[in-house]
Structure formats: structure tokens, C-alpha cells
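Listed in order, the protein sequences are those of chains W and Y. If you count the first sequence from 1, position 353 lands on 515 in the working numbering, and the numbers rise without skipping. If you count the second sequence from 1, position 257 lands on 278 in the working numbering, and the numbers rise without skipping.
Hints listed in this document are in silico derivations from the structure and should not be mistaken for laboratory results. Note that the Cβ used here is the ideal one computed from N, Cα and C, for glycine as well. The reader is advised that the hints may include incorrect statements.
Said to hold, decoys possible - In silico lysine to any residue, SDA-like type, Cα no more than 20 Å apart, as pairs:
1) Y:K284 - W:Q548
2) W:K259 - Y:N209
3) W:K347 - W:W308
4) W:K515 - Y:N209
5) Y:K29 - W:E305
6) Y:K514 - Y:T68
7) Y:K284 - W:T617
8) Y:K26 - W:K515
9) Y:K348 - W:T617
10) Y:K500 - W:T370
11) Y:K26 - W:G262
Stated by the list, open to error - Negatives, chain W to chain Y, calculated, CB over 10 Å:
12) R500
13) Q532
14) W606
15) S699
Unchecked claim - Label-pair restraints from in silico Cβ distances:
16) W:G505 - Y:N304: 52 to 62 Å
17) Y:V95 - W:K445: 33 to 43 Å
18) W:Y398 - Y:S265: 58 to 68 Å
19) Y:T513 - W:Y372: 47 to 57 Å
20) Y:C67 - W:R570: 19 to 29 Å
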Amino acid sequence: MKYGRFVNNNTLILFLFIVGSFLFVELNFRYWYRFLEQYMMFQTTGSYFQDRLAEPGGLNEYVTEFFSLAFIRPYGASVVIALLLGLISGCFFLYLKACGVQASMLAAILPSFLIWIYPQESIALLVMLAFVQVLACVYTSVERDWARYLLGFLFLGASYFFAAPANLLLALWIAVYECLVKEDKTRFGVALIAIAWAGLLPLIAMRTVYILPMREAFFSKHLCHPEYPISVSLGYIALAYPLTAFGLYCVRNRVFIRRESWKRIVSCAFLLIVMVAGILYKKDPMEQAYRYDYHARRGEWQEIVSHARTHSVRDMDALIYLNLALSKTGRFTSDLMRFPQIGEGGFIPHDPKSRMGLIEASEVAWQVGQVNAAQRFAFVGVLSSQRCVQPRLMKRLVETYLVTGEYRAAEKYIKILESNPHYRDWATAQRPLLDSVACASVDWIAAKRAMLPITDNPLDLTKAFPNALAFLIDDHADNRPAFEYGMGYLLVYKDLMAFMHYMERMKERGEAFPVLYQEAICLFFSAVQKDPEAFRSFPVSPEVRNRFLRFMKVARSMPPAALRQQFGDTYYYYAQFIPTPKRQ
Amino acid sequence: MDNTKKRKIVRNFVIGYLMIQALAIAVYLGFGPLHPEGVTNVTNECTSPPPIFPDYKGTTIPYNIAPLNFRINVPADECYARIEGSESGILEYYGTSTIRFKRKDWVRLTRANRGKAFRVTIATKMGDEWTRWAPFSIYISDQPIDSHLVYRLIEPGYEKWHIVGIYQRNLESFDEQPIIRNDMTGYNCINCHSFCMGDPGQMLFHMRAANGGTYIVQDMKISKLSTKTDGTISNMTYPFWHPSGRYITTSVNDIKQFFHSVKEKKMEVFDLESDVVVYDVKNKEILSKASLITKEAFETFPAFSPDGKWLYFCTAPARKMPDNYDKVRYNLCRVAFDPDRGEVGLPIDTLVHADSLSYTFPRISPDGRFLMYTETAYGQFPVWHPDAEIRMMDLKDRTAVDMSVLNSPDTDSYHSWSSNSDWIVFSSRRDNGLYTLPYICHIGEDGKPSKPFLLPQEDPDKYDYQLYSYNIPELAKGKVGISPYEIQQAATKNKPEQVRFK
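Modelling step: build the complete structure from the supplied sequences, incorporating the hints.
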């Protein structure tokens with residue numbers, strides 16, 4: 163008991179759990195939640211609040227979106243989720259005590275570990291659980307039966323309208339409490355009435371207040387994307403709490419460890435082992451892509467390149483962002499062959515439908531100057547998202563409308579973004595650009611306008627990438643990103659004939675040739691068209707030429723590993739030893 | 022801390038919370054209606070009326086329209102509006118930037134001043150200084166507009182949709198209710214609603230993808246039909262009811278779309294093939310003798326005349342598509358229709374020749390006097406054509422009516438007549454060039470349009486934050502009685518009945 167003077171065992175466990183949850187999210191899922199923050203858009207307007215209140219579970223969604231504002235900040239998601247988990251677990255512990263279950267805090271936090279196992283797309287579920295737990299605690303704290311029943315009746319109604327399906331969970335909580343505290347027919351009846359009332363509420367609301375599909379009436383549309391099946395993990399998490407209460411009630415009289423000091427050691431050790439295992443082994447498989455998406459969103463292109471250099475690239479989405487970062491940082495030609503290339507899919511997603519695919523397509527289209535396509539993918543990205551909002555892509559819409567001179571459309575999105583605390587400053591800063599003269603004098607807009615397509619064509623950049631790029635290059639030979647992407651495409655697919663067509667034009671324009679192009683030219687005149695006279699007309703530096711000759715000399719004799727080490731970053735090594743990707 | 026103490030804390034917390042809530046309500050109710058001092062110190066006089074949104078200045082409105090709440094687009098701390106009608110008292114309203122009428126006041130004002138104008142004077146306060154703006158008038162027509170407007174709300178986007186719904190809005194209030202929304206039917210596409218002469222009891226619409234079919238509502242019963250036959254190239258597409266309710270003329274189209282790469286154009290919707298057919302509702306068959314099916318021409322967007330004796334449609338010589346998408350120009354034509362025999366009779370009468378422009382969406386006023394249509398540079402789907410304008414022909418003498426008051430520099434396209442031929446609702450992108458919004462316009466006896474006005478909303482800011490277009494605004498004489506749940510049942514439980522091609 164002497165330790166109890168400093169800190170209670172349960173408090174210590176709860177504190178450890180909160181810290182563990184913070185570390186778990188921060189180390190494994192922070193980019194995931196930063197990515198998801200883009201699909202939330204808290205607005206400060208009264209009409210937005212009213213719209214939320216006009217749907218079941220709307221207040222829960224409002225609070226969720228408010229908390230999600232923190233996700234973009236450092237440690238924001240980790241702090242919010244850890245605190246919510248702490249609140250849920252703490253309240254559940256109080257609830258268990260009220261039920262007459264003398265369980266430790268460790269038992270009370272066990273169901274919350276399911277959030278670790280099944281990370282959710284939003285914290286709507288956590289907010290709803292916290293809401294239910296707080297209401298349950300308030301409910302159990304009322305001693306007078308009639309007052310408690312009345313409160314329960316009111317809470318069930320309120321929890322439905324504000325945080326559906328909180329009513330269903332709260333009814334279970336109430337039922338479990340009434341059944342466990344005292345064996346009494348009245349209480350059993352109250353439990354049944356609570357469950358029946360909670361189940362009836364959505365049906366009554368469907369016929370009186372809302373016009374909704376059954377699923378949304380019961381479960382609201384905010385816990386998961388309404389177009390997809392409800393995840394079973396939601397059921398596991400929601401039912402875990404009442405089931406835990408029942409389980410603990412059943413073993414309430416059993417004592418597993420008698421000595422307090424051992425209890426403390428075992429529970430802390432168990433908790434630490436579980437948390438460390440979770441932190442070490444529950445990794446986000448898409449972490450790199452979400453990390454790059456986050457950097458791309460903030461314009462931190464150099465961060466992407468640096469990370470890829472030290473960690474290589476693990477998936478297609480990350481590669482698209484890396485290639486985009488190479489283009490943004492002016493290293494497309496120098497570093498392209500340093501990283502594994504998979505063909506067209508590494509430059510732009512094919513016919514994108516996914517959330518990230520649409521962002522990537524918009525980013526790439528914006529970079530190569532296909533403003534209409536950037537606008538279209540941004541638009542589709544906004545409207546196909548669960549909540550039909552995507553402030554980052556709305557920013558892109560503003561930018562594209564400013565470039566195309568559609569100021570009134572730009573103003574619409576500026577006004578919407580101004581209603582969000584996080585995007586307000588950016589949006590307000592764009593307002594002066596709604597004036598055509600001011601807009602034309604801004605450098606980045608002038609640069610984008612200078613590269614706007616002139617020749618109309620119906621080609622979709624994501625379905626006919628090289629042909630669509632060819633139009634852009636033909637319209638503006640000085641469109642460097644489009645040209646580099648185009649040449650990158652030809653080189654990755656080893657189409658040297660088409661590549662040389664563009665090199666001839668580049669030569670005519672008197673432009674400097676990057677090393678990558680020089681290497682490809684060396685290879686072309688060595689392997690495809692042996693014409694020394696023509697070769698000499700291209701400005702290939704002696705270093706590139708000599709290195710290529712050295713490669714040719716040792717390519718067959720040198721051990722593969724050594725050859726790769728010496729020439730792995732050259733185009734001719736890629737052309738010779740790396741299989742050509744399949745065309746889409 | 023023992024349990025009794027904890028319970029006490031919780032109880033106090035709950036009581037405190039309830040008290041704060043009660044206090045908040047009392048403060049709201051007690052101080053809300055308090056008005057500022059009024060316009061006591063006018064320091065500036067402005068010779069022009071202030072910019073307001075929606076722009077109701079100088080418009081003609083039906084007496085049964087919902088209150089025209091508006092926002093004053095002038096930076097101001099406070100604003101004041103004084104409304105004076107010759108047949109009613111003076112109304113005064115205060116706000117920060119928005120003027121919202123009380124329903125009772127509005128009804129009294131519009132009913133008392135039918136056939137007359139009322140005057141609105143606005144003052145705005147910035148700091149301690151009030152500015153009085155020049156007054157403007159709004160004319161109240163003594164002709165009512167049909168009570169309901171039915172439209173589809175859809176994101177104005179490209180190839181993807183998410184939430185689509187057909188809604189009915191009571192024009193006499195702000196009440197908007199869904200007729201059907203696609204979250205109830207598997208997130209499919211719902212489109213092309215149409216009423217028989219504005220009768221809310223006779224309606225048609227289509228669903229595509231999940232629960233696909235054409236749905237016809239008549240006598241409170243819903244029929245779900247599969248309308249692709251061996252004799253037609255597609256399902257029924259753009260419909261129009263015969264006034265008798267016995268027939269529906271519709272186009273059948275092989276629709277495609279593509280996206281432009283230049284900034285001046287966004288996207289193009291065109292037909293690879295299209296024909297016009299007539300469907301017999303009673304016998305559930307498409308009548309070949311009443312159909313215009315040719316390989317040599319594209320026929321689309323048919324409509325019956327209000328007397329049911331003429332079938333209007335758009336037609337263009339067939340071309341290779343999409344290569345010639347910008348060379349296809351549609352004429353406006355009509356053929357005689359015999360409702361007793363269910364047949365059309367030649368010759369084809371060409372009302373508007375597509376010499377250099379293209380014409381689409383023919384709609385005849387219920388009194389049979391005027392033909393309204395949309396003009397665009399090419400094609401038949403002008404929603405993405407900023408040049409699209411609404412035109413009208415007086416069928417008495419086939420002369421054009423000047424519609425310049427109605428049109429705007431942006432897309433003005435789909436239109437629907439009120440049953441008394443005094444009003445039209447049309448869709449326009451004049452506000453932001455991107456989202457289509459419904460405008461109401463008075464058409465005089467001589468066909469002369471008045472200045473159109475935007476469908477009023479309770480919160481004038483609603484349009485700023487709404488991410489949906491109002492698609493196919495159709496006026497209806499009353500409320501559609503069939504419930505969304507009945508349509509949902511029909512969509513998910515019923516199998517579509519195959520129509521015949523006779």
C-alpha cells in the first residue's frame with residue numbers, strides 16, 4: 163500500500179495506456195490520419211451546424227470534424243486519439259465499478275485495444291463511444307430509480323439524434339447495468355424496454371423526421387463510407403465493451419492474484435508487452451505513400467526525395483509521388499534511373515478511382531500543365547469522397563480556376579475554404595487574385611497560363627499518357643515537366659526511336675542535354691543506328707561517352723553486383739539489364 | 022473520494038449544465054428580437070441600389086412565391102431594409118448582412134399588392150455611419166406560379182456521381198423534400214424526371230446501374246420497366262408526356278462523352294446514334310408507326326404540343342462521331358401526331374433551320390402560343406456550352422421573340438413552363454459558370470420576358486456553400502404524393518417489366 167500514496171495502480175495503468183496509444187498512433191499511423199484529415203472539413207458557418215444536426219449522428223460528426231482539425235498538426239492525431247481512448251477506458255472503468263464488477267483498469271482498457279487492431283478511417287467511432295461512456299456514467303450515478311429511468315429515456319433519444327448509433331450501444335450499457343446491479347424483475351423490464359426503445363427510435367425517425375435508407379437510419383452515414391459495406395470491426399469494437407462487462411461480472415468473485423504488489427507488476431508488465439508488440443508489429447502497409455502524400459501536400463518535395471534515397475520506394479503510389487518530386491525539384495533527368503521504375507503506373511495512376519489515385523492524377527496533371535485534367539481529377543476527388551469534401555483538392559480547384567480565368571468558380575471554393583479554420587488564411591490570401599489584373603501579375607499563374615494547352619484533344623492523361631503528353635510538348639516545347647515526363651516514359655519503355663525524334667528537336671533548339679539523355683543517345687548510336695557523324699552532332703560530354711565505353715567493355719565480363727554498383731544509375735544499364743515494363 | 026461525493030459532483034454538474042442551457046435559451050429569446058436604434062444618423066446617400074444576392078432588383082415575381090430573402094453584398098456591421106407596398110403598411114427589417122422576411126409579413130405584402138410593385142429601401146451601417154441606398158422595386162404579378170418545382174440535385178461533375186436525388190420544392194415556402202435519393206437505391210444514377218402537363222400524379226424517371234429501369238408513376242402505382250427493345254438502340258432517354266397521359270415520347274440515344282484539354286471548353290456530351298420513339302403507356306409498347314427511326318439522321322429531345330397533335334423534335338444529319346462533334350447542328354422540326362391511332366404523319370415541318378447554330382430542348386407553352394428552345398453553337402447537349410441561350414418563337418406567326426432580358430453570358434439551357442403559361446423556370450450557370458441554378462422568369466402575354474430571379478432560399482448563403490447543380494427543373498401543379506420509401510420498394514423488390522416494340 164505504500165506505493166498507493168504516490169499513485170493509484172489503476173491511474174498508472176490508464177496513464178500508461180494513454181502514452182502507449184499516443185506512441186502507437188504517432189509511430190505507425192500518423193501519416194494515415196494526416197491523409198484522412200483531408201476528407202474532413204469542419205466549417206464554422208451556422209448552416210453547416212444546422213445541416214449536421216438535421217441528420218442522425220450529426221452532432222457526433224460535427225465534433226469529429228472539429229477534433230480532426232488537429233490531425234494536420236504535429237502529434238495532433240496521436241494526442242486526440244490517445245485522449246479519447248483514455249476517456250473511453252476511464253469511463254468504462256467507472257461503469258464497471260457501478261455495475262458491481264471490481265475489475266482493474268487493465269480489464270477496462272482491454273476492449274480499447276481493438277482500436278489498435280482495427281484503426282478506423284475517422285475518429286467518429288471513438289467520439290461516439292466516448293459520448294456513450296459518459297452518458298452511461300451519468301446514468302449509473304443516479305441513485306433514484308425513477309429519475310434514472312427518465313434520464314435513460316431522454317439519453318436514448320438524444321444519443322440517437324446526436325450520435326447514432328450511440329442509442330443502440332447506450333441501450334446495451336443500460337441493460338447490462340440494470341441486469342447486473344440487482345436481480346429484480348423491474349430492472350429486467352427496464353433493460354428490455356431500453357433495448358426495444360433504442361431499436362425503435364430509428365424506425366420512428368424514418369417515418370417522421372428523416373427520409374433515409376434503413377442502414378443510415380440505424381447506423382448514420384458517418385462511421386464508414388455509406389457506399390461500402392459496414393466493416394465488421396465496428397461491430398467487434400462496439401460489442402466488446404458490454405461483453406467485457408458481462409465476462410467480468412461472471413468472474414467477479416474469483417481472485418487471480420492476491421498480493422497487491424504482484425497485481426501491479428503483472429498488470430503493468432502485461433500492458434507493456436501488449437503495447438510494445440502493437441507498436442512494433444502493427445505497421446501501416448501504406449505508410450510510405452501516406453508520408454509522401456503529406457509532404458506533397460505541404461510542398462516538401464525535397465523530403466520525399468531524401469526519404470526515398472534512404473528507404474527506397476515500396477509501392478506504386480509512393481513511386482508516383484517520388485517521380486513527381488523529382489520533377490518538382492528539377493532532378494527528373496538526373497535521378498530517374500536511381501529508383502526502380504515500373505512504367506506508366508509509376509508516372510500517373512491509370513484511370514484512377516481511389517482517393518489517393520485521384521489526388522496523384524491531379525498533381526501530375528497540374529505539374530505537366532494539363533490544367534483541365536488537374537481540375538477534373540480534383541473535382542472527381544472531391545465529389546467521390548465520403549463527405550463530398552476534400553479541402554486540399556478544393557485548393558487545387560481554386561488554383562485551376564484562377565489559371566483558366568474562371569474567377570467566379572474560384573470564388574465559390576474560396577468562400578467554402580474560408581469557412582474552415584485550417585484553410586481560412588490560405589483562402590483569404592487568394593481573394594485578391596479574383597481580380598483579373600492582379601491575377602495575371604502573379605508569377606505562378608503567369609507560368610501556368612503560358613503552358614496551357616493550345617491544341618484541343620480528347621485524350622485522357624491517365625489512359626493515354628504518352629499521347630496526351632505529346633500534345634502538350636507539341637504545343638509548348640519549353641514545357642519542361644511535360645517534356646521530362648514524356649522522355650522518361652519513352653526511356654523507361656526503351657522506345658529509343660521516338661526518343662531520338664524529340665532529341666533532334668531539342669538539338670535544333672540548342673538546349674543543353676542532361677546526362678540521362680546523353681546516355682540514351684550513346685546507347686542509340688551504339689546499338690540501334692551506328693552513325694558516328696550523327697552521333698557527333700549531339701552534345702555528349704566526354705565523361706558520359708567514356709563511361710559508356712567503359713561499360714560496353716566490361717558489361718559482359720564484370721560480376722553483376724559490381725557492374726550494378728558502378729553503372730546501376732545509368733540508362734544503358736537499365737536498358738540492358740532491367741526488364742521492360744508491360745504497357746497498360 | 023467515496024461514491025456519494027462522486028454522485029454529488031455528477032448531479033451538480035448535470036444541474037449546472039441544465040441551468041446554463043436554460044439561461045442561454047432565455048438570453049436568446051430575451052435579447053434576440055432587440056433591434057438596434059434604427060437609421061437615426063444617415064451620413065451618406067447612395068444614388069444606386071446596393072448589390073444584393075440574389076439579385077431581385079426590378080424583377081417580376083408571382084404573388085405565391087416564398088419570401089425573397091436576400092444578402093446585401095456591401096461590407097457592413099448592420100443593415101436595414103424598409104419595404105413599402107401601396108396596399109400594405111411599412112415593414113422594417115434589420116440584420117447584419119441578410120434580410121429575412123417573416124412569413125406572415127411576406128404573405129400579407131404579396132397578397133395585398135398583387136398586380137402592383139413594392140419598394141425596398143436599404144441602409145447599411147459601417148462604424149457609426151449609415152448609408153442610405155437608392156430604393157428599388159419588385160413587381161408582384163397577379164398570376165401564380167405552379168406550386169412545386171421538381172429538380173435533380175447532382176454534382177456538376179464529369180463521369181462520376183455520388184449522391185443524386187430528385188427533390189420537390191414547395192415554391193410557396195422553403196420546404197424541400199426528396200422524391201427519391203440514390204442512397205436509398207444503391208447509389209445508382211437517377212435521371213430525366215418528367216410530368217404529364219405538370220401533373221404530380223403522373224411522373225416518369227429513370228434509374229441506371231443498380232435497380233436500373235424506367236419508372237412510371239400513375240394512379241399512385243409505380244411501374245418499373247425495361248425499355249430496351251430489339252427495335253430500339255437503347256433504353257428510353259429524354260422523355261415527354263402526351264397531354265392525355267396515354268403516350269410518352271422519348272429519344273433513344275447512344276450517349277458518349279469526352280473531356281477537352283483546352284481551357285475554353287470542359288466536356289462534350291454527344292450521341293453516336295439517336296432516334297425518337299413514342300411509348301404507349303397503356304399497352305406497354307413502343308409504337309413503330311409513331312417513331313422516327315433513321316440511320317441517316319440523329320433525332321432527339323422530343324416534345325408533344327399541349328393539344329397533343331404535334332410531335333416536336335430536334336434532328337441533324339448523321340455524322341461520324343466523335344470526329345465531327347462540333348459540326349452536328351440540330352434543326353427544330355415537328356410532325357403531326359394522331360393520338361387515336363398512335364401514328365405520326367409526314368411531312369416533317371422544319372420550324373428552325375440549323376444553318377449555323379444548333380437548337381435543342383423544344384418546349385411549347387401550355388396555351389400553345391410559344392415554342393421555347395435552346396440555341397448553341399453545335400450539338401444537342403448545351404449544359405457545358407457557355408454560349409447556350411434560350412430562344413422563343415411565337416407560333417402564331419413564327420416570329421422570334423426578343424429574349425435578351427432573360428439570357429446571360431453563361432449557359433442558359435433547360436426550361437419548363439408553368440401550367441398557366443405565365444412563368445418559366447430555366448437552368449442557368451450565370452452565377453459562377455459552374456453550378457446550374459434555377460431561375461424563374463415571367464413571360465408576358467406578348468411573350469416578352471421580365472428580368473429573371475433566382476429561386477429564393479431561406480438562407481441566401483445556401484447557394485454559396487451548396488455543391489450541387491439543379492438539374493432539369495420542372496414545374497408541377499402540386500406535391501408528388503408517392504413516398505420515397507414506395508419508390509425504394511419498387512426499385513429494390515420489383516423486377517422490370519419488358520416493354521414491346523410494335
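Given the hint that Y:K26 pairs with W:K515, test it: the Cα-Cα distance must not exceed 20 Å.
Distance of about 57 Å is beyond 20 Å: violated.
Indicate whether the distance between the beta carbons of Y:T513 and W:Y372 respects the range 47 to 57 Å.
violated (18 Å)
Compare the distance between the alpha carbons of Y:K284 and W:Q548 with 20 Å, and conclude whether the hinted pair is satisfied.
Not OK: Y:K284 and W:Q548 at ~29 Å, beyond 20 Å, violated.
Compare the distance between the alpha carbons of W:K259 and Y:N209 with 20 Å, and conclude whether the hinted pair is satisfied.
Measuring from Cα to Cα gives roughly 49 Å; hence the hint is violated.
Satisfaction of hint between W:E305 and Y:K29, Cα-Cα up to 20 Å:
holds (10 Å)
Mind verifying the non-interface call on W:R500? Its CB should be farther than 10 Å from each CB in chain Y.
holds (32 Å)
Has the given pair, W:K515 with Y:N209, been kept, meaning a C-alpha gap of at most 20 Å?
holds (16 Å)
Compare the distance between the alpha carbons of Y:K500 and W:T370 with 20 Å, and conclude whether the hinted pair is satisfied.
holds (18 Å)
20 Å Cα cutoff - pair Y:K348, W:T617
With Cα atoms ~18 Å apart, Y:K348 and W:T617 stay inside 20 Å; holds.
The hint says 52 to 62 Å between W:G505 and Y:N304; measuring C-beta to C-beta, is that right?
holds (57 Å)
Hey, is W:W606 genuinely clear of chain Y, shortest beta carbon separation above 10 Å?
Consistent with the label, W:W606 stays out of reach of chain Y, its closest Cβ about 16 Å off (over 10 Å).
Does W:W308 lie within 20 Å of W:K347 when you go C-alpha to C-alpha?
holds (15 Å)
Hint compliance for this structure: hints 1, 2, 6, 8, 13, 17 and 19 are broken, all remaining hints hold.
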